[in-house]
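Residue numbering for the sequence shown follows the working numbering, starting at 213 and increasing by one per position.
Please note: incorrect hints may appear among the correct ones.
[Claimed, not checked] Derived lysine-lysine pairs resembling DSS-like cross-links, with alpha carbons at most 27 Å apart:
no., residue 1, residue 2
1, K489, K472
2, K373, K475
3, K489, K289
4, K450, K389
5, K389, K330
6, K330, K262
7, K330, K542
8, K262, K308
9, K255, K289
10, K389, K255
11, K472, K441
12, K308, K373
13, K450, K511
14, K376, K389
15, K450, K489
16, K389, K472
17, K475, K441
18, K255, K511
19, K489, K262
20, K389, K475
21, K289, K450
22, K373, K357
23, K472, K262
24, K389, K373
25, K370, K255
26, K308, K475
27, K489, K511
28, K357, K370
29, K389, K489
30, K289, K330
31, K542, K511
32, K370, K472
33, K362, K308
34, K330, K357
35, K308, K472
36, K475, K489
37, K376, K489
38, K511, K370
39, K373, K330
No lab work stands behind these hints: they were computed from the structure.
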Amino acid sequence: MGHVQKTKSVLKCLLCIPITLCAFYLFLAPSLRLLIGYLPMDKCSLESAKMLSLDNSVDASLDLWSRPDVQTCTSWKAPIIWEGMFDPDLYDQMHKIEGSSVALTVFAVGRYLDAYLKNFLNSSEHHFMLGLPVTYYVFTDVPEKVPDIKLPPQRSIKVIKVEKSSRWQDISMMRMKAISDVIESDIRHHCTHVFCFDVDQVFTGRFGSEALGDSVALLHAHYYHLPQKLFTYDRNPKSKAYMQTGDFYYHAAIFGGSWKSVKALSEACYQSIMEDKQNNVEALWHDESHLNKYMWLHKPSKVLSPEYCWDTNIGYRRDIQVTRLLWAPKDYDTLRTP
């Protein structure tokens, strides 16, 4: 029995390592965070964008070597989108010709609605997919409190009532089923692409058609310069989100793609979450852990740089030339209180 208990203790310690490393990083002094920004990224191995696995023809116009300071493509030949690599007019023109349209899903449940939704929607109207048809799908437990936002032609909002869970973790994880359901019932009939966002963010710059692709993931702002051994993948072998290794650490605050790809992702993540629940397991970072596992097994066709979701608490980074979406100030003690 002593040997078994000792083994269990060791396993518990190992499972705590990712959380400890994450906490250590978050409380680093600003000067040390600045030094982390100087850790070199891998470099793209392709000579030109014509060698990419292209989502569409205009991706061949990407200038992979306009940004020698960062990694501009993945090992599986998907582009990583940074400022200076693309011509926004080319992308907008191509997507208008092809008739691209975008569904934006966002969850505003409990106190998150009052704290964030209005600023999120208003800022989106200034920066998100301008010139393309956009439908907002707002999931909330209090539909009558959704702000009345004046929208131009080709942009609309649909409000979908959801039940409020007692735990914020359950709200976070159960959104995958809600997204899958609304794609099946509505989105697939009206939109070519879907983007899923957390509500506690504010658009500050162009978040345009260059971000559209078949399967789109986002580099997490806090991890893109760190070595892989510090990525907080779920290391619990009992979880369906378990990962020994991976490619990048992706942020679940934003993911997207064609409606078919997002439906496949959301369904797979939901099934894994439910299997974990049946086994009394909860992934380390909830739906984000499951998303990272899915994106490792099913490589995204396009990756967005941290410009597309930046945290100003990180401080100055010379490779962040623009910010397109910013983390809003968080007050979790208040927001996550039942």
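Here is what the structure says about each hint:
1. Between K489 and K472 the CA atoms are separated by roughly 26 Å; this keeps the pair inside 27 Å, and the hint holds.
2. For the suggested pair K373 and K475, the alpha carbons sit about 20 Å apart, so the restraint of at most 27 Å is met.
3. Simply put, K489 and K289 have alpha-carbon atoms about 36 Å apart, too far for the 27 Å limit, and the pair is violated.
4. Taking the CA atoms of K450 and K389, the gap is near 22 Å; set against the 27 Å cutoff, the hint holds.
5. Among the hinted pairs, K389 with K330 is consistent with the structure: their alpha-carbon atoms are about 24 Å apart, no more than 27 Å.
6. A hinted pair counts as satisfied when its Cα atoms are at most 27 Å apart, and K330 with K262 does not qualify at roughly 41 Å.
7. Distance check on the hinted pair: K330 and K542 sit about 16 Å apart at the alpha-carbon level, within 27 Å; holds.
8. As the CA atoms of K262 and K308 are separated by approximately 22 Å, the hinted pair is consistent with the 27 Å bound.
9. About 12 Å separates the Cα atoms of K255 and K289, which keeps this hinted pair within 27 Å; it holds.
10. In summary, the hint linking K389 to K255 is not supported, as the alpha carbons are separated by about 37 Å, beyond the 27 Å threshold.
11. For the given pair, K472 sits about 32 Å from K441 by alpha-carbon distance, which is inconsistent with the 27 Å threshold.
12. With a C-alpha separation of about 32 Å, the suggested pairing of K308 with K373 is violated against the 27 Å cut-off.
13. Taking the CA atoms of K450 and K511, the gap is near 23 Å; set against the 27 Å cutoff, the hint holds.
14. Proximity of K376 to K389 is assessed by CA-CA distance (about 14 Å); at most 27 Å being required, the pair is judged to hold.
15. Taking the CA atoms of K450 and K489, the gap is about 11 Å. The hint holds against a cut of 27 Å.
16. Taken as a hint, the K389 and K472 pair is honoured in the structure, with Cα atoms around 14 Å apart against an allowance of 27 Å.
17. Straight-line distance between C-alpha atoms of K475 and K441 comes to about 30 Å, which puts the hinted pair past the 27 Å bound.
18. At most 27 Å may separate the alpha-carbon atoms for a hinted pair to count; K255 and K511 meet this at roughly 18 Å.
19. A hinted pair counts as satisfied when its Cα atoms are at most 27 Å apart, and K489 with K262 does not qualify at roughly 44 Å.
20. For a cut-off of 27 Å, the pair hint linking K389 to K475 stands: about 9 Å separates their Cα positions.
21. For the hint pairing K289 with K450, the CA-to-CA distance comes to about 32 Å; that exceeds 27 Å, so the pair is violated.
22. With a C-alpha separation of about 11 Å, the suggested pairing of K373 with K357 holds against the 27 Å cut-off.
23. Proposed proximity of K472 and K262 is supported: the alpha carbons are some 25 Å apart, at most 27 Å.
24. With a C-alpha separation of about 14 Å, the suggested pair K389 and K373 falls inside the 27 Å cut-off, and the hint holds.
25. For the given pair, K370 sits about 42 Å from K255 by alpha-carbon distance, which is inconsistent with the 27 Å threshold.
26. For the hint pairing K308 with K475, the CA-to-CA distance comes to about 23 Å; that is within 27 Å, so the pair holds.
27. Proximity of K489 to K511 is assessed by CA-CA distance (about 26 Å); at most 27 Å being required, the pair is judged to hold.
28. In summary, the hint linking K357 to K370 is supported, as the alpha carbons are separated by about 13 Å, within the 27 Å threshold.
29. A hinted pair counts as satisfied when its Cα atoms are at most 27 Å apart, and K389 with K489 qualifies at roughly 14 Å.
30. Taking the CA atoms of K289 and K330, the gap is about 38 Å. The hint is violated against a cut of 27 Å.
31. About 31 Å separates the Cα atoms of K542 and K511, which puts this hinted pair outside 27 Å; it is violated.
32. With a C-alpha separation of about 20 Å, the suggested pair K370 and K472 falls inside the 27 Å cut-off, and the hint holds.
33. A distance of roughly 23 Å separates the Cα atoms of K362 and K308; the hinted pair therefore holds under the 27 Å criterion.
34. The hinted pair formed by K330 and K357 meets the criterion: a straight-line CA distance of about 10 Å does not exceed 27 Å.
35. Restraint check for K308 and K472: the C-alpha separation of about 20 Å stays at or below 27 Å, so the hint holds.
36. Between K475 and K489 the CA atoms are separated by roughly 21 Å; this keeps the pair inside 27 Å, and the hint holds.
37. Taking the CA atoms of K376 and K489, the gap is about 18 Å. The hint holds against a cut of 27 Å.
38. The hinted pair formed by K511 and K370 fails the criterion: a straight-line CA distance of about 31 Å is larger than 27 Å.
39. Distance hint between K373 and K330 is fulfilled; the C-alpha atoms sit about 17 Å from each other, no more than 27 Å.
In summary, the structure is inconsistent with hints 3, 6, 10, 11, 12, 17, 19, 21, 25, 30, 31, 38 from the numbered list given earlier, while agreeing with the others.
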